[in-house]
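**Q** The listed protein sequences correspond, in order, to chains A, B and C. For the first sequence, our numbering gives the first residue as 1, with consecutive numbering after it. For the second sequence, our numbering gives the first residue as 142, with consecutive numbering after it. For the third sequence, our numbering gives the first residue as 283, with consecutive numbering after it.
Simulated from the structure, these hints should not be mistaken for laboratory data. Among these hints, one or two may not hold up.
Claimed, not checked - 30 angstroms max Cα-Cα, derived DSSO-like pairs, lysine-lysine:
{"hint": "1", "chain 1": "C", "residue 1": "323", "chain 2": "B", "residue 2": "191"}
{"hint": "2", "chain 1": "A", "residue 1": "14", "chain 2": "A", "residue 2": "50"}
{"hint": "3", "chain 1": "C", "residue 1": "356", "chain 2": "B", "residue 2": "191"}
{"hint": "4", "chain 1": "B", "residue 1": "182", "chain 2": "B", "residue 2": "195"}
{"hint": "5", "chain 1": "B", "residue 1": "182", "chain 2": "B", "residue 2": "215"}
{"hint": "6", "chain 1": "C", "residue 1": "323", "chain 2": "A", "residue 2": "41"}
{"hint": "7", "chain 1": "C", "residue 1": "336", "chain 2": "C", "residue 2": "323"}
{"hint": "8", "chain 1": "B", "residue 1": "215", "chain 2": "A", "residue 2": "50"}
{"hint": "9", "chain 1": "A", "residue 1": "74", "chain 2": "C", "residue 2": "332"}
{"hint": "10", "chain 1": "B", "residue 1": "215", "chain 2": "C", "residue 2": "323"}
{"hint": "11", "chain 1": "A", "residue 1": "41", "chain 2": "B", "residue 2": "195"}
{"hint": "12", "chain 1": "C", "residue 1": "356", "chain 2": "B", "residue 2": "195"}
{"hint": "13", "chain 1": "A", "residue 1": "41", "chain 2": "B", "residue 2": "191"}
{"hint": "14", "chain 1": "B", "residue 1": "195", "chain 2": "B", "residue 2": "155"}
{"hint": "15", "chain 1": "B", "residue 1": "182", "chain 2": "A", "residue 2": "41"}
{"hint": "16", "chain 1": "C", "residue 1": "323", "chain 2": "A", "residue 2": "74"}
{"hint": "17", "chain 1": "B", "residue 1": "182", "chain 2": "C", "residue 2": "323"}
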Amino acid sequence: MRTSARNALPGIVKAINQGPISAEVDLEIAPGMTICAIVTKRSVAALDLKPGRKATALIKSNFVLLARDVDAGKVSARNCLAGVVTNVMDGPINSELTLDLGGGLELTAVITGGSVQALGLKPGERASALIKASHIILAVD
Amino acid sequence: MRTSARNALPGIVKAINQGPISAEVDLEIAPGMTICAIVTKRSVAALDLKPGRKATALIKSNFVLLARDVDAGKVSARNCLAGVVTNVMDGPINSELTLDLGGGLELTAVITGGSVQALGLKPGERASALIKASHIILAVD
Amino acid sequence: MRTSARNALPGIVKAINQGPISAEVDLEIAPGMTICAIVTKRSVAALDLKPGRKATALIKSNFVLLARDVDAGKVSARNCLAGVVTNVMDGPINSELTLDLGGGLELTAVITGGSVQALGLKPGERASALIKASHIILAVD
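Produce the entire structure from the sequences given, and follow the hints as far as they go.
**A** Structure follows, in C-alpha cells:
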C-alpha cells in the first residue's frame, strides 16, 4: 500500500489504552521516541494491534503544526517532535517544509506562507512539529 | 446551509455506537456503501441522530488521503472508498484531485504535488480515498 | 511558544467533561462565546486544565470550514463562529480568507478556490466558521 500521506513513520506498538469507542496507541518510531495515535477500538481489533506489533503512522503533511520555543508540557498535542528545518518550498498560499528529526527521520509539514514568515522558518532553524494524536492513521503490513 | 466542504455525501444513519464522550455513526451513502463518522455524544443529541435519520457527511478535501494498492483491513482509517481518478489540477504545493466512486458519487482530495508524483496519480488510474472517522462532520436538514 | 497555527484564541476554561480516553474542554474566548476542544484525558492532566485556568485554542487554518446560511443546531461541528469576510487571498488551488468575528477576534481559514467561488465569498459577505472540537489544540502559558 502506498498513500499520499507524506509522512509514514514505521514503529513498534508499545502500549494500547482502550476506551469504549477510541483507543490510544503508543508507537515507538525510534529508540526513546514514541508517538501517540488515537484510533477506534474497532480498528485496534481489525488491525490486530497489540504491544510488539509493527505498525506505521501515516500523517498528512497539512496536519502538522510547526512551533518554535515549544514547551511540550504546555500544549495538548500529544506529539511534539523537535528538529531542524532543511527545506522550505513556497507557494502563493501554502509552503511545504521539511524537518530533520535526527536518526534519519524526516517530517514534511504544509503550513501557510504567513506562518513561515511570522515564525522566521528557514533552513537551519530549529522547530518542533506538533501533531494531534487523533490526526494519525495507523497501517500494518 | 452551504459549506466550503468540497465533499457533501448525503445518506441514512444505519447505526450509532455511543461512548461517554464520542459516538460512532454509520451512514449509508449508497447501497452497501457505509461511512463512519465520530462526533460527540452531545452532537448526536443536538442533531437527533438515530437510525433511519437522513444526514450528510461533510468532508474537507484536505482531510482525504489517497492510496494505491490499499488493503482496507490494514489501515486504521475507518473509511476507504475505491475509485478512479478523473481530474488532477496542479498548484505549486498542492494538487486537487477528483475521484469517481461510481454510482454518481465523486470525491475531491487535496494532497501535495509530491504525492501526486510519487503515486503516479493521473486520470484513469485507480486510487482509494482514506478518511479518518473523526474528520467527518455530519449535518442534518 | 509560537506556532504555525494561524488562529490562537486565548480564553478561560469553563468546564471539562472527562471520558476514559478523551475529554471535552469548554473555553470561553469572549463574553458568551465558548469553543469546545477535545483533547486526551492525559493532556488535561499534563496541562493541569481546570475551570478558571487560562488556555489558548490553536486552530490550523486548514481545519476551518466556512459556511453560509448555517444553522448551528443542524451540524455536528461543535464550534460555529459567525463573522464577516474581510480578506480573500487566492492561490491556484487554495485560498486564504480572513473572517472578522467581532470583538476584535479574527479567524483565518484556508479552503479551496472552488469553494470560494461556489459560496460567493468575498469581503463584506457574512460567513460562519465550522470547526470540529477534535481539531483544536490547547496550550497553556
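**Q** State the violated hints by number, sorted upward, taking the hints as numbered earlier in the document.
**A** Of the numbered hints given earlier, the structure breaks none, since each of them holds.
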